[in-house]
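The sequence shown begins at 348 in the numbering used here and counts up one residue at a time.
Since the hints were made in silico from the structure, they are not lab data.
Among these hints, one or two may not hold up.
Claimed, not checked - Between beta-carbon pairs, the in silico distance windows are:
(1) Ala358 / Gly448: 23 to 31 Å
(2) Asp502 / Ala550: 14 to 22 Å
(3) Ala407 / Pro543: 31 to 39 Å
(4) Arg583 / Leu428: 43 to 51 Å
(5) Ala550 / Ala604: 39 to 47 Å
(6) Thr414 / Glu528: 21 to 29 Å
(7) Leu561 / Glu582: 29 to 37 Å
(8) Gln422 / Ala358: 32 to 40 Å
(9) Glu452 / Asp418: 15 to 23 Å
(10) Asp525 / Leu428: 31 to 39 Å
(11) Asp434 / Pro584: 42 to 50 Å
(12) Asn417 / Glu582: 36 to 44 Å
The beta carbon of each residue, even a glycine, is placed where N, CA and C say it ideally should be.
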Amino acid sequence: MPEPIEDFGQAAHHAARQVIAQYSSSFSLASRLLTEPARTDIRNLYAVVRIADEIVDGAASSTEAPTLINDYEHQIRTAHLHLFHTDPVIHAFAITARRCGFQDEHLEAFFASMRRDLDPTPHDRASFDQYVYGSAEVIGLLCLDVFLAGQPRTDRPALDSAAQRLGAAFQKINFLRDRDEDAERGRSYLVGDLLPEARADLAAARQAITLLPLSARAGVLAATDLFDELIDLLERPHTGRVSVPRRRKLAITTRAAARALRP
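Kindly produce the complete structure, drawing on both the sequences and the hints.
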């Protein structure tokens, strides 16, 4: 019979999975191509990222958000120190943080970028780059911690660079997709010509996908291909927020799963 803590852990993993399914169909689809335990760990990580996003993006009131994001940062950065959390998503994240050895400096940078969303000061290039580092590049590094857990690698610097480029590409593409929603919140992230930057970032990251463990390769390749498709859609005349139709998503992920198995 499972111990109570094991039962709660399973419930916590399920809660994290539901958060991701609610907010990102593309990510949820790509994550299914990962094998365990990476699939669960990635979902646990992204559930926390999603909740932090919601705190600063309007789910919390503007008066409450600064305190809530600070409180959430403290809970997340200390989560690994405690074996039980009453919040199931934090409990799931703590399991992953311990298993994968997340670095506190990456979590600190992430929450610094989340707080920056509460500041209406327009970005210049330096603040934009710092924001992208904290909001996206470190998430790439944390994902890499998941994929390489317990696997020391001499090529880690090259993988780190690729993970950062991939995170940056995803973020820049989302800025372009969400420009109208961001404008309603009084934000603008459109510093420079982001489409060619995102395409270059994706191309650089793609070169390192074959260096990933096979357990992670299909999921990362699928996510990369989905965002490549979004760039193509953004380059065409469009109105509103672009998205990849579900049938097309399924075709892209199926093709990625097959390609990932090739030598």
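Structure-based check of each hint:
| no. | hint | in the structure |
| --- | --- | --- |
| 1 | Ala358 / Gly448: 23 to 31 Å | 24 Å, holds |
| 2 | Asp502 / Ala550: 14 to 22 Å | 19 Å, holds |
| 3 | Ala407 / Pro543: 31 to 39 Å | 35 Å, holds |
| 4 | Arg583 / Leu428: 43 to 51 Å | 49 Å, holds |
| 5 | Ala550 / Ala604: 39 to 47 Å | 21 Å, violated |
| 6 | Thr414 / Glu528: 21 to 29 Å | 24 Å, holds |
| 7 | Leu561 / Glu582: 29 to 37 Å | 32 Å, holds |
| 8 | Gln422 / Ala358: 32 to 40 Å | 18 Å, violated |
| 9 | Glu452 / Asp418: 15 to 23 Å | 20 Å, holds |
| 10 | Asp525 / Leu428: 31 to 39 Å | 35 Å, holds |
| 11 | Asp434 / Pro584: 42 to 50 Å | 44 Å, holds |
| 12 | Asn417 / Glu582: 36 to 44 Å | 39 Å, holds |
Hints 5 and 8 from the earlier list are contradicted by this structure; the remaining hints agree with it.
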